[in-house]
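Number of protein chains: 2
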Amino acid sequence: MTKTPVCVLGLGLVGGSVMRAATVAGREVFGYNRSVEGVQSARFDGFDATEDLDDALARAADSEALIVLAVPAPALPILLGHIRDSTPGSPLTDVTSVKGAVLADVKSFGLQARFVGGHPMTGTARSGWAAGDARLFVGAPWVVTVDDDVDPEIFTEVVSLALDCGAVVVPARSDEHDAAAANISHLPHLLAEALAVTAGEVPLASPLAAGSFRDATRVAATSPELVRAMCEANAEHLLPALDRTIELLGHARSTLAAKGSVAELADAGHAARTRYDSFPRHEIAGILIGADGWREELAAAGRAGGVIRSALPGPDSRG
Amino acid sequence: MTKTPVCVLGLGLVGGSVMRAATVAGREVFGYNRSVEGVQSARFDGFDATEDLDDALARAADSEALIVLAVPAPALPILLGHIRDSTPGSPLTDVTSVKGAVLADVKSFGLQARFVGGHPMTGTARSGWAAGDARLFVGAPWVVTVDDDVDPEIFTEVVSLALDCGAVVVPARSDEHDAAAANISHLPHLLAEALAVTAGEVPLASPLAAGSFRDATRVAATSPELVRAMCEANAEHLLPALDRTIELLGHARSTLAAKGSVAELADAGHAARTRYDSFPRHEIAGILIGADGWREELAAAGRAGGVIRSALPGPDSRG
Numbered sequence: 005m006t007k008t009p010v011c012v013l014g015l016g017l018v019g020g021s022v023m024r025a026a027t028v029a030g031r032e033v034f035g036y037n038r039s040v041e042g043v044q045s046a047r048f049d050g051f052d053a054t055e056d057l058d059d060a061l062a063r064a065a066d067s068e069a070l071i072v073l074a075v076p077a078p079a080l081p082i083l084l085g086h087i088r089d090s091t092p093g094s095p096l097t098d099v100t101s102v103k104g105a106v107l108a109d110v111k112s113f114g115l116q117a118r119f120v121g122g123h124p125m126t127g128t129a130r131s132g133w134a135a136g137d138a139r140l141f142v143g144a145p146w147v148v149t150v151d152d153d154v155d156p157e158i159f160t161e162v163v164s165l166a167l168d169c170g171a172v173v174v175p176a177r178s179d180e181h182d183a184a185a186a187n188i189s190h191l192p193h194l195l196a197e198a199l200a201v202t203a204g205e206v207p208l209a210s211p212l213a214a215g216s217f218r219d220a221t222r223v224a225a226t227s228p229e230l231v232r233a234m235c236e237a238n239a240e241h242l243l244p245a246l247d248r249t250i251e252l253l254g255h256a257r258s259t260l261a262a263k264g265s266v267a268e269l270a271d272a273g274h275a276a277r278t279r280y281d282s283f284p285r286h287e288i289a290g291i292l293i294g295a296d297g298w299r300e301e302l303a304a305a306g307r308a309g310g311v312i313r314s315a316l317p318g319p320d321s322r323g
Numbered sequence: 005m006t007k008t009p010v011c012v013l014g015l016g017l018v019g020g021s022v023m024r025a026a027t028v029a030g031r032e033v034f035g036y037n038r039s040v041e042g043v044q045s046a047r048f049d050g051f052d053a054t055e056d057l058d059d060a061l062a063r064a065a066d067s068e069a070l071i072v073l074a075v076p077a078p079a080l081p082i083l084l085g086h087i088r089d090s091t092p093g094s095p096l097t098d099v100t101s102v103k104g105a106v107l108a109d110v111k112s113f114g115l116q117a118r119f120v121g122g123h124p125m126t127g128t129a130r131s132g133w134a135a136g137d138a139r140l141f142v143g144a145p146w147v148v149t150v151d152d153d154v155d156p157e158i159f160t161e162v163v164s165l166a167l168d169c170g171a172v173v174v175p176a177r178s179d180e181h182d183a184a185a186a187n188i189s190h191l192p193h194l195l196a197e198a199l200a201v202t203a204g205e206v207p208l209a210s211p212l213a214a215g216s217f218r219d220a221t222r223v224a225a226t227s228p229e230l231v232r233a234m235c236e237a238n239a240e241h242l243l244p245a246l247d248r249t250i251e252l253l254g255h256a257r258s259t260l261a262a263k264g265s266v267a268e269l270a271d272a273g274h275a276a277r278t279r280y281d282s283f284p285r286h287e288i289a290g291i292l293i294g295a296d297g298w299r300e301e302l303a304a305a306g307r308a309g310g311v312i313r314s315a316l317p318g319p320d321s322r323g
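Order-wise, the sequence lines are chains A and G. Heads up, the first sequence is in our numbering, so the first residue is 5 and it goes up one at a time. Heads up, the second sequence is in our numbering, so the first residue is 5 and it goes up one at a time.
You may find that some hints are simply not true.
All copies of an identical chain are treated as equivalent in the list; a pair is satisfied when it fits inside any one copy or across any two copies.
[As the list claims (entries may be wrong)] Listed next, the in silico EDC-like pairs over lysine to aspartate or glutamate satisfying Cα-Cα at most 20 Å (straight line):
| # | residue 1 | residue 2 |
| --- | --- | --- |
| 1 | Lys263 | Glu229 |
| 2 | Lys111 | Asp151 |
| 3 | Lys7 | Asp66 |
| 4 | Lys263 | Glu236 |
| 5 | Lys263 | Glu240 |
| 6 | Lys263 | Asp247 |
| 7 | Lys7 | Asp109 |
Rather than coming from a laboratory, the hints here were simulated on the basis of the structure.
Whole structure, please, built from the sequences with the hints as guidance.
Given below as structure tokens:
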């Protein structure tokens with residue numbers, strides 16, 4: 005069976021890595037990048053890239069390619085307008101970090117029936133085509149969304165691409181993904197920023213700070229623009245996470261002042277971290293893509309630690 | 005010149021490492037440990053250890069050894085009582101983490117005239133004699149205190165031990181050390197605990213959490229008893245650090261809710277982290293130990309990033 009071609013829009017770290025990984029997996033892959041430099045670099049490395057968006061989309065429509073949105077969030081609306089006008093039926097996915105914001109953009113262009121969101125949860129501090137790596141996704145969780153509108157065949161296509169790239173797929177609803185990301189990714193950035201500022205105001209802190217402080221503030225070295233982009237796009241879910249953390253710290257502050265004790269927070273934090281370390285993971289089986297309630301079943305399985313490591317049976321299965 | 009012998013009281017991770025490192029440096033080293041197991045392990049490895057405290061202290065008095073307090077804080081008062089009664093003049097230092105608390109204990113036994121505090125800022129997650137390592141201190145900052153009572157000759161002895169162990173010495177007042185430790189060590193523990201608890205309450209967070217979350221909550225795996233011991237002993241300095249962090253997070257929460265922006269915190273955190281990365285360090289020179297104002301000069305030099313890498317000229321210098 006011939007694999008679906010892939011059209012990658014945006015050839016930065018993630019898009020460029022998808023282009024490389026899908027090529028290694030034996031797919032036909034072509035891509036578009038806004039900057040000529042990125043296109044030239046990709047071509048120099050032997051890949052099929054253009055800076056002409058309409059060309060790339062015409063080819064995607066002709067070859068019935070899966071289109072992968074891999075541009076920064078602010079560039080999405082312009083792309084989606086072209087996609088609506090030039091590719092009447094092409095299936096769509098994305099590889100960006102806040103799924104609710106992308107889904108809202110997709111819906112505003114009426115494209116939700118052919119869109120299934122994705123988020124490979126990996127990366128490096130570098131960016132651009134040169135930072136890409138065919139093995140970036142190997143072993144990493146790649147969220148594929150199971151919102152109410154999701155089409156079984158397109159879901160299967162997106163899962164297949166993620167598996168081809170070496171990732172393990174975690175099925176999740178967009179809002180649950182974003183709530184989790186607020187807690188495991190965006191909140192840690194704000195805590196690191198606050199720690200860096202607090203310690204920076206104490207004279208002897210910098211001379212004495214060593215490895216553990218450097219680790220704890222490492223993500224504060226991320227560019228403020230990038231921190232703002234991810235935190236602000238996910239404000240709806242980040243606010244309750246911030247509230248809860250401030251509440252926990254405030255309570256510890258009170259017990260430390262009144263009773264000289266931080267026992268509650270120390271015990272609860274240790275217990276939570278221990279649970280995290282022993283969180284059970286398993287391979288999802290026995291769910292037929294497209295059958296009644298398949299999206300809810302997959303969302304529940306993902307929440308319980310289930311991952312997809314090989315294609316699930318679907319509507320076209322003859323097995 | 006013969007080096008001062010060293011009597012290490014407590015042969016866990018830090019004390020056991022001091023015993024090994026000082027031995028490698030060519031010193032006579034002997035030690036005491038409360039548990040027979042620790043003593044037997046140290047002897048098995050060829051070191052001179054006893055579980056008889058009075059024997060160890062009698063030998064320290066006879067050989068004019070530098071006594072190193074390397075026991076957990078709750079065990080200090082008992083040791084200090086024995087030291088006061090059995091070793092009339094032996095110089096004292098310690099290797100524990102909250103300098104104000106140790107100094108208060110030392111003063112309550114009237115021993116401050118022969119005490120100079122110390123804190124090697126290194127460690128591992130493991131504990132006990134077997135976890136010790138002669139190279140634990142190589143390149144690490146080792147704070148040596150310059151409080152008002154500090155004697156120039158004993159200060160020089162303690163610096164000499166730290167340098168023999170391969171550390172770089174940062175001179176600091178006990179209260180300034182503790183304020184710094186609250187910010188760079190104790191506050192990060194509470195932030196990691198709060199993050200672990202907050203994320204642990206969100207269904208999809210554990211399945212999706214990967215490397216960066218694991219790093220950010222790593223210290224939440226520390227035993228709650230140890231976290232309590234260090235945070236609670238340093239409450240005086242930890243409270244204002246907690247207050248400042250809660251204030252910064254609360255302000256970010258407000259601007260995110262009202263204006264959709266975390267720009268202030270993201271910019272300030274990035275700037276603080278950048279300053280930390282480029283904090284200038286230099287070797288302290290030109291201060292004569294024991295001369296007028298030497299303690300204040302060393303404290304100021306430490307604050308400005310100065311470290312001692314080789315013995316400074318002192319009262320006995322002939323150079």
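Hints, verified against the model:
1. Taking CA atoms no more than 20 Å apart as the test, Lys263 paired with Glu229 passes between copies only; the shortest distance there is 16 Å, against 41 Å inside one copy.
2. Taking CA atoms no more than 20 Å apart as the test, Lys111 paired with Asp151 passes inside one copy only; the shortest distance there is 12 Å, against 66 Å between copies.
3. Taking the shortest Cα distances, Lys7 and Asp66 sit within 20 Å of each other inside one copy (15 Å), while across copies they are farther apart (84 Å).
4. Only between protomers do Lys263 and Glu236 lie at most 20 Å apart by alpha-carbon distance; the minimum there is 10 Å, versus 37 Å within a single protomer.
5. When the C-alpha separation of Lys263 and Glu240 is checked against a cutoff of 20 Å, the pair qualifies only between copies, where the shortest distance is 12 Å, while the shortest distance within a copy is 35 Å.
6. Within a single copy, Lys263 and Asp247 get their C-alpha atoms only as close as 24 Å, which misses the 20 Å cut-off; across copies the closest is 17 Å, which meets it.
7. With identical chains, the CA atoms of Lys7 and Asp109 are never at most 20 Å apart, being 28 Å at best within one copy and 73 Å at best between copies.
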